[in-house]
Every structure is written in structure tokens, then in C-alpha cells.
Amino acid sequence: MLESNQHSIFQTINAASPIDKVGVEERVARFQTRSIKDDAKAQGLKMVLSMIDLTTLEGKDTPGKVKQMCFKAHHLHDLHPNLPQVAAVCVYPSMVAIAKQALKGTSVKIASVATAFPSGQSNLEIKLADVKLAVDSGADEIDMVISRGKFLSGEYNFVFDEIAMIKEACGVARLKVILETGELCTLDNVRKASDIAMYAGADFIKTSTGKIQPAATMQVTYTMLLAIKDYFEATGKMIGMKPAGGISTSKLALHNLVMVNEILGPNWLHNKWFRFGASSLANDVLMQLLKLESGSYQSPNYFTLD
Amino acid sequence: MENKKNTSKDHQWLYSPSLESTSHIEIKDKYELFINNEWIAPTSNKYFDTINPADEKVLSKIAWANAQDVDKAVKAARKAYDEVWSKISAGDRSKYIFRLARMMQEKARELAVIETLDAGKPIRESRDIDVPLACNHFFYYAGWADKLDYAFPNQKTESLGVVGQIIPWNFPLMMAAWKIAPALVAGNTVVLKPAETTSLTALKLAEIIKEAGIPPGVINIITGHGDTGEALVKHPDINKIAFTGSTQVGKAIQKALVGTGKRSTLELGGKSANIIFDDAPIDQAVEGIVNGIFFNQGHVCCAGSRLYVQENIAEKLVEKLKQRMKSLILGNPLDKNTDIGAINSKEQLQTIEKYIQIGIQEGSEIFQCEGALPANGFYCKPTIFTNVSQSSVLSQEEIFGPVLTIQTFRTIDEVIQKANNSPYGLAAGVWTDKGSKIFNLTSKLKAGVVWANTYNKFDPASPFGGYKESGFGREGGMHGLGAYLKIIK
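Residue numbers (this note's numbering), protein chains in the order written: chain A, 1 to 306; chain B, 307 to 795.
Calculated from the structure, these hints are not laboratory results. It cannot be assumed that every hint is accurate.
Incomplete in silico selection of chain A near chain B, CB under 10 Å [what the hints assert, rightly or not]:
1) A16
2) K21
3) S35
To spell it out: a stretch of chain B is covered by chain A in this simulated footprint if at least three of its residues, at any positions, have a beta carbon under 8 Å from a beta carbon of chain A; those stretches are [unchecked claim]:
4) 513-525
5) 577-588
PhoX-like mimics (lysine-lysine), calculated; alpha carbons at most 25 Å apart, straight line [as the list claims (entries may be wrong)]:
6) K557(B) to K272(A)
7) K251(A) to K642(B)
8) K752(B) to K21(A)
9) K229(A) to K626(B)
10) K21(A) to K632(B)
11) K334(B) to K628(B)
12) K367(B) to K352(B)
13) K642(B) to K46(A)
14) K229(A) to K632(B)
15) K763(B) to K740(B)
16) K628(B) to K237(A)
17) K352(B) to K381(B)
18) K632(B) to K237(A)
19) K291(A) to K642(B)
20) K367(B) to K37(A)
21) K251(A) to K21(A)
22) K272(A) to K46(A)
23) K652(B) to K352(B)
24) K626(B) to K237(A)
25) K628(B) to K21(A)
26) K237(A) to K622(B)
27) K774(B) to K752(B)
28) K453(B) to K401(B)
29) K743(B) to K622(B)
30) K21(A) to K626(B)
31) K622(B) to K229(A)
32) K393(B) to K453(B)
By construction, the Cβ of each residue, glycine as well, lies at the ideal position given by its N, Cα and C atoms.
This is chain A alone, in the form it adopts within the complex (with noise of 0.2 Å):
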């Protein structure tokens, strides 16, 4: 990155306009009123299951666990014909190469965690080494962390630096990156580091790793998809979206298509460009488009749990 380019980007991004987060939580509140029925639930609750990377990040995560969860992505519920199945598995990088084998002849794709997730704390070599070793086992996406350490002491353009290094070492892999807006605090450091992640080269940005509360608040994510929208408005290049950590029920997932829809448009309603990062939802969304069509809720004893 030439100097005199970075550091016109850094007016763009510190010509961001203030957040106001009453603001915030009241058009937040009223995208909750939209009320999603019939077909238009129907097909929303297909967009979200088509959107899911279905996720484990654990210390306890064992072939075992991950080649099962594996199977579940690309058959969520085989008694029901004509259901989608989940964007992508989300997995530690030691995992990487398991995934792949399970997936094999699928077209689920693989997301891997990289960059000494969920704290970040650790050198540019190591994060380099830990997203060489997802690509290298075969991950199709990569979701860093950003130093929020560095953000918090104002070192942006150490920050940004970093993103730009991983990006290139991704190669062809897409790159989400992961803000963990439940450590930035304020709206507007949320706005501030979408932009710099945004400039830097990311294909998506992520409120959360999970690992910390609060996650993907739909505050956050509206302020995320508003980044997006002008980022887009200046560039013409579509940025991804993926709120990750809390979405578990599928009203709250509909409520964040519904922003994606109004805020971004319907070109954004796409798992290319919108992801949730979830374990849980899944099942809740099954349950949904199945009561849809048979009128009534099934036991929860109907739906797997891997």
C-alpha cells in the first residue's frame, strides 16, 4: 500500500459522521416491527438456512464432533425435501483438513478461524503461520481477528497493516474480518474499525467471535451494514456481512435480513454477501419452516442435534 493512498484513505474514514445511538436503537426497534408472514417467512427462513456457518470453536472439538456437524451441513433435515443447505462449517484451523474430507464432493464451503482467535494476542508471524496452515489444509474462508488492543491505543494504522497482510496471505481465499464489537464499546469505534477493515481489503466483516458479550446486537450489525452501504457508495465493491454469536432464534435472524433487505437491498441477500455465525439457529429455523407448512410446532426430539 502506497503511503499517500493510505493516508487518504484515512480521511475518508475519519470523515465518517458521528453515530448517535439513541438513534440507533430506535431504527433498530422499528426494523423489529416488520411483521414476516406466509410466503415471505417461508422464504425467508430458506435465506437464513442457506446463509448459516454452522459453527464449533472449542477446545474440546474432536474429528468426531466436527466430521458429524460436517454431515449435518449438507443434510439438515433429509425427511424434508427442498431445503437448502448451510453456507459453509465454520472450524479451528487444526480441523481444516477433516472438514475438507467430510465435505468432499459438496459444495459447502469451509471457514476457518485464524489469527491466534478469539484474542488476537500473539505477533504478525504467528497470525501469518496460523492462516497458512487453514490454507494450506484447505479452507475456503478465513476469519481473522483484529488486534483490538491496538485499535483501543489508537495504533489504526498498525491495525489496518495487518488486515492488508493477512488478506494477501489468504490468496485466494475471502477473508472475514472479525471486529469483536463487544470489546470496541462505542458505535462509532464499530463504524471506524468497519472502515478500516473495509480499505484494507476485507470481503466481509464480522461483529463477533463468540467468546465474548455482548455479540452480534443488531445495533452493531445496522451500524456494520450503514459501513457497508458507504463503503459501496464510494468504491462500487460489495463488502460481505456476517453477524456471529446471540442469533439463535429465527425471529431475530428475519429482523437482521429485513435490515440487510432495506438497508443494503436485495443484491446483498445472497450467503456470498451475508452469513450468520451460529450453532443453535439452525434447528430453530427447521422448526419454523416446518410448522409453517404442517400448521403445528414438532418436538424438538424431530430435529439433531450435532
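We have chain A; now place chain B onto it with these hints.
Okay, now just chain B, sitting in the frame of chain A:
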């Protein structure tokens, strides 16, 4: 865009119709006058239709009161004042009003649906704003009845007597609540006249009043047109007139009251300035602009209808506003997803359309939301005009519809001057991230209400009213009590 069934094109996601049910509401075929807690046929024997502006279908027939009927209502109110309401304890007045508030709340859904049917406003607004605020107004004022000595310390207060109240069609139930609650709490009795296009929720309120056991004659509701209101204003045994409506009618009322000793409060028109500085939270300001002018189809006396944008951000802001307008859903007011409902009446629609033509003729640049309007009913697309001057008709006269004029400014002094350069002075909005700028402006803007980084926020505890030709007297809060009391030092 109109609500349509989902056509499921590739990525399109259109919301399916989500209509609020009307099965639980009851609208009678014909409504009489509500006097002394009884339904009395008008001596005129005349009735007029009230229609649903969303489809032009007749909802009911409404009694048209003449001077004789008005006299009956005033006599009932006087008797109730002399014999009951001025005699009972403040605590008992409070209990009656709390009961009314609770019963309104229990029937909130029915009131909301009827309001939407009769007025054309989106169900989201009547459900989430109009009806809850109306209930809250009663709840808030009920608590004041036995605390008037604390509201006006070291002074003695006395009720006025019989109060005549004339309310507009833009917030029918809410305006009834704003008028009735403080009057009753202060110890007065009431004759209320709703607007002719929107009588139904007031009549529904009359049913609740009867059911709540409010003593007969304390609240009388008489329906009719302008002549009914005129008879009320001119009735010799009225102690006060409270009016909300147009400045034109307000002036006529003031003329009629000169020398009669009757008190008055008038809440009239507006052409309120909404001011956006370059350091404002832009995206939230866009929401504030939309809320300021398109809330209730712009039928809001304090609508932020004159937008002033600092010139260095004007282009960006207008572009964002246009984009935002594209996601507004116009259509059946009963649909829970409708943002923009129907214009209240054919006459009002014609007025708005006349102004839109004036704007085009003046050479201002028009932008409207896309999509077709419903075949029946009175609808107007949300409209903004750019390249408007201070001297354009469009930026001077109250339109009372979803039409925004946009002007630019360079300096803070310029915008204060322009904002105050209007015969009206009801409200204003200021958008900036800088606190000191807000305080600087709020002290210099000649407007009864100044909102900072928000718009169209109402609360029963907060007084509302105008400067200049926007009227005088305050409604809401402690100030609203004073308007219904004689204060003796």
C-alpha cells in the same frame, strides 16, 4: 412501493400482506350525540357519512349537531359541574380518570384499528404511538388532581367551569386525551367536538366513559362540521375554548371570543425547521428527517417540513434521504408493514397536490418514491423538493402533507435567521454532535419545542405549544394544567 404478494424473483424479498384483524372491533351503523352519558338524536335530524380514506367506503353515519344540540350539551356540562364535578374530592376525580385510562388501555387494540380505519394512518402508528400516548396522557394527569397545590405553590387554584374543546383530524384520539385529561383533573367539565372526518374514536371513547361510570354530563361529545364548532365557540355559558387546528380557524375563534371573558388556548399550524449541521450523525439525521415529515403522512402540526442542510453536506445527505425513501412502504394502513398510509380526506389530498404543482411551477426539483398508488383511496407519495428558496411559496405555507422542502445554509447565524423567518413557531429540530451548538440554537430559535438529535417526540410530562401564529397556551406537563385553572395569588 406498494405491498404486494411476494413474486419471488431471484433475490427479491417482498413482504407478504400482514393485515391487522378487524374482526374484534365494533362500529355501529349510526352514532348519535353523547350528552349526559346518553346517546341523543340530533334535533337537526341530520347525519353525515364518515369514510375510510384508504378505500373510500362508508364506515358509519354520524350525528350533525346544531346550535340547539350544542346548548343541550353545554347545559348538561354546566349541571354536572355545579352539582357533581366541582363538589367531589380531588381524590375521587383522580380515581375516575385512572379508571378511564385503564379501560382505554384494555381496549387499545380496538381503538387502534378504528383510528386507522377512520383516519387512514398506518396501524403501526395508531398501535404504537397514538393509542399508548392517549392512555398515558390520562394516566399522567390523573395523578395531578390532588396535587394542584404543589404544582402552583403558595397560590390558590380554581377550576374554570365548562370548557369547549375542538380538536383536529390528524391525531383524533390523542388530541381528545390531550384536551379532556387536564380539563377534568383541574375540575372542569367538558364539551368536546371531534373533527368531522374522524369522529369514531371519540365516540368509542364515549362508550368507555359511560362504561367507566364517569358521572353524566362531565364529558359530552358532540359531532358535526364547522358550524357545530362555531355554535360551541359562541355559546354564552362556556368559560373556555381550547382549540387545535388551522391558524385560519384559530384567528376566527379569537375574533369571536373578544370581549366575552372566555379564556382560550389555541394550538395552530406550523412550518417547522429541521436543521442539519455538517457535524451531525448523518444516518440518524436521515431517520429524523423521514420521521419529521412522513410520520402520519405529514399531517402533523409540528412536522419538520422545512429542512435546512449545511451546504457542504447537502449533496450527500439528500442522496441518503432519497435512498431511505425507497424503502418506505406505502399502502393499506391496516397492513402492519405500512409506513405511509392514506391522506385523511379528498380535500386534503387536493390541497397537497396543489402545493406539489406550485413547487414544480416554481422550478424546484421534485423527487418522489417510486411505485404505483392503490387504485382507491386518497394517497400521496412521499415527496421532497430541492433547490427551494426562502421566498418560495412551498417553504412558507403549511402543506400538512408528506412534502418536504430542502434549503441549504452556510453559517449558524444564517440558519437561525431563516428558521425564525416564518409567521409560525411551533417546533424545530437541531442535529449536531456538539452540545454547545445545541444550547446556542435552542435559546435562539423561536419555537415552542426544539428537539435535539431527534424529532416528533411526545411525552405527557412535556409541555407542547407554539410561538407567534402557531398559537398560545401549553398542553402537557404542569404547564398544561395551568391552562385549565384560575390561579389566584
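Each hint, compared with the structure:
1. A16: Check passed: Cβ of A16(A) comes within 9 Å of chain B, closer than 10 Å.
2. K21: The hint holds - K21(A) has a Cβ within 10 Å of chain B, the shortest such distance being about 9 Å.
3. S35: holds, 4 Å
4. 513-525: violated (count 0)
5. 577-588: holds (count 4)
6. K557(B) to K272(A): violated, 62 Å
7. K251(A) to K642(B): With a Cα-Cα distance of about 16 Å, the restraint between K251(A) and K642(B) holds, given a limit of 25 Å.
8. K752(B) to K21(A): Judged against 25 Å, a Cα distance of about 28 Å means the pair is violated.
9. K229(A) to K626(B): holds, 10 Å
10. K21(A) to K632(B): holds, 24 Å
11. K334(B) to K628(B): Violated, at about 43 Å.
12. K367(B) to K352(B): Between K367(B) and K352(B) the Cα gap is close to 10 Å, so the pair holds against 25 Å.
13. K642(B) to K46(A): Cα-Cα ~23 Å, so holds.
14. K229(A) to K632(B): holds, 14 Å
15. K763(B) to K740(B): holds, 20 Å
16. K628(B) to K237(A): Roughly 21 Å separates the two Cα atoms, so the pair holds.
17. K352(B) to K381(B): holds, 21 Å
18. K632(B) to K237(A): Answer holds: K632(B) to K237(A) is near 21 Å, not above 25 Å.
19. K291(A) to K642(B): holds, 22 Å
20. K367(B) to K37(A): Roughly 35 Å between the alpha carbons, so the hint for K367(B) and K37(A) is violated.
21. K251(A) to K21(A): holds, 23 Å
22. K272(A) to K46(A): Holds, at roughly 15 Å.
23. K652(B) to K352(B): Status holds; Cα separation ~22 Å.
24. K626(B) to K237(A): holds, 18 Å
25. K628(B) to K21(A): holds, 23 Å
26. K237(A) to K622(B): holds, 18 Å
27. K774(B) to K752(B): holds, 8 Å
28. K453(B) to K401(B): holds, 13 Å
29. K743(B) to K622(B): Holds. K743(B) to K622(B) sits at ~22 Å (cutoff 25 Å).
30. K21(A) to K626(B): holds, 19 Å
31. K622(B) to K229(A): holds, 13 Å
32. K393(B) to K453(B): Holds: K393(B) and K453(B) sit about 17 Å apart, inside 25 Å.
Against the hints set out earlier in the document, violations occur for numbers 4, 6, 8, 11, 20.
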